[in-house]
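Let the hints inform the model, and build the full structure from the sequences given.
First to last, the sequence lines map onto chains A and B.
Mapping of the first sequence onto the numbering used here: position 200 corresponds to residue 200, and the numbering continues sequentially without gaps.
Mapping of the second sequence onto the numbering used here: position 329 corresponds to residue 1329, and the numbering continues sequentially without gaps.
These are calculated hints, taken from the structure and not from any lab test.
Check each hint, because a few of them may be wrong.
Dumping the calculated DSBU-like pairs for lysine-lysine here, alpha-carbon to alpha-carbon at most 35 Å [said to hold, decoys possible]:
no., chain 1, residue 1, chain 2, residue 2
1, A, K105, B, K1051
2, A, K66, B, K1138
3, A, K120, B, K1358
4, A, K69, B, K1358
5, B, K1358, A, K146
6, B, K1138, A, K146
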Amino acid sequence: MATLKVDDVTLSFGGLNALFGVSLDVQPGLITSIIGPNGAGKTSLLNCVSGFYHPTSGDIYYGDHKLNKASPHQVSIMGIARAFQNIELFSGMTVLDNLMLARHKNLHYGLLAAMVFFGKASQEESQNRQYVEEVIDFMELEPYRKQTVGNLSYGIQKRVEVARALTLAPQLLLLDEPMAGMNIAEKEDMVRFIIDIQKERDATVVLVEHDLGVVMDISDRIYVLDFGELIGAGSPDEVVKIPKVIEAYIGEE
Amino acid sequence: MAENRWLATGNFFTSYRAEQRIFLTNIDRLVFTCFLLLLFVWPLVFEVSNKYMLVIDTILIAIVAVYGLNLLTGFAGLISIGHAAFVGVGAYTLATFARILGSDHVLLTHYWPLMILLAGGVGAVIGAIVGLPSLRLKHLYLVIATLSFQMIFQWTINFSRFYDQGQTIAIGRVFWFAGKVTRKQHYFFWYYVILLVVVVLGFAVRNLLRSKHGRCLVAVRDNDRAADAMGIHPGFTKVYAFALSGFFAGVAGALHAYLWRGVGFESFTLHHSISYLAMAIVGGLGTLVGSFFGPVAILMLELQVENIAEFVGHYFTAIGDVATAFRPLSFGLVIVLFLMFEPRGIANWWRITRTYFKLWPFRY
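This is how it looks when you write it as structure tokens:
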């Protein structure tokens, strides 16, 4: 599995630096968390990695691929999947179709084959459906399979969002606040899913999250951002001792 | 467990492939087959006048055109008010051949299925070109871009000598296995041809919608950012949606040219574009059945309103003008009422009816 390497990335909008000289490594197979106060640039960093923004300077490497100028669909084909902070599902489609859509790159039949829908098209659809069903099973979404996503509750939609990213069969999964706005029980479920994703599906997880309890419990490595700059890095135990981090979170006396 | 394929109750799927089917129960398929047979048989049983057959043929052609518009506007979410121009592109493809080779050239009269496909192809190419602004523009701005294509099309036809400044360019009568299609057979012959096209393309659309090529359209409509992150090129998908829509419109245009045995610019004006959009809305955007209901409803309404206006005009000659205004008035009223009270269109009534019968007689 490849390492994600962010090297001295700066992202500016006009005079405003959303990210300034950020460097970090995401080691394969681990859960890496990025934390920081609101507006620290966490989501901007994820946007740079997944191709929605292109860094003003600096480089992003995933294995041997350089991601600086890659667009989101190219990034997703390299095996990097993204779950969004604000739910960005296809609200008019069923859960099943949302997940089948993530199999887009694995379906190879042409337009004519699709119009006839016989042989290859039908076969590939059912093979990929098999994969989708595995994910549905994994994320415990069975009761909602045929329901329109727009009608589901917030917690379930969040879960579908993660499931859809997972259906891309990613090696690197970027989760942007998967637990925002959830109650304790739902959070516990989600934490269990994230750990299972890492352990059972052998994916590297990058987690952006505000709930420090969760982050400290499950992360292997933490990076702390504040005002677009990296102010601390290390294991959970190390990070809580860094004075700048304490300052950013608790404030000075 | 014994499988029951006839009713929705007890119809268990044992493979994913079984669940892909269009008709989930045998009753569905049987009813549909009977309906289809009926469509093919009824003109042989009943005596229908040419005039009425023309109305039905026109509706069927509109269905083909609305397939395309529904894919573009309903499924891909790209509103187009230049659809009649795309239909015109198909028709004028034939007109171009007629002008260069003569209206009775063997290509037009003998190889007409090829010409219909070609018109579709030209429609698709022009559609893709007109769709290019969708790479940058969204929503209302894109609508204006399609409107400008409508205007460009009208002006090009109106001011080019080659197309006789929009006056009717004749297309010859076609031949088939039994020789030339005569004046008497004309509308019946084209009824069957167009019906066949409607059925084949209908199944094509239905299949498309359960495949990746249909899903990506809906994905781009619902959330093109997320679609991008899922490995779909949103720009390409939008242009492809325009091309697809152009293909259907082109085919409809070629059929129109053959049916009317001529191509004139006044069949492809802005009014017709809005008419197509109204058909898609009234039928139900984003549904396949909507493409059938819409054209039938709107064209039947126009016909009936005309009859009523004529009837009223006989008795109250003083308000003859009012009766004339009745047609656009009722047309607008229907669209507004649908948008207000049934934005999901007639297709929603169909869905409700179907759900009722699915559960009947065992309602929970």
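Checked hints:
1. For the given pair, K105/A sits about 51 Å from K1051/B by alpha-carbon distance, which is inconsistent with the 35 Å threshold.
2. The suggested pairing of K66/A with K1138/B holds, with an alpha-carbon distance near 30 Å, which does not exceed 35 Å.
3. Between K120/A and K1358/B the CA atoms are separated by roughly 32 Å; this keeps the pair inside 35 Å, and the hint holds.
4. Proximity of K69/A to K1358/B is assessed by CA-CA distance (about 53 Å); at most 35 Å being required, the pair is judged violated.
5. Using a Cα cut-off of 35 Å, the hinted pair K1358/B and K146/A holds, with the two alpha carbons roughly 17 Å apart.
6. Restraint check for K1138/B and K146/A: satisfied, since their Cα atoms lie roughly 30 Å apart, inside the 35 Å limit.
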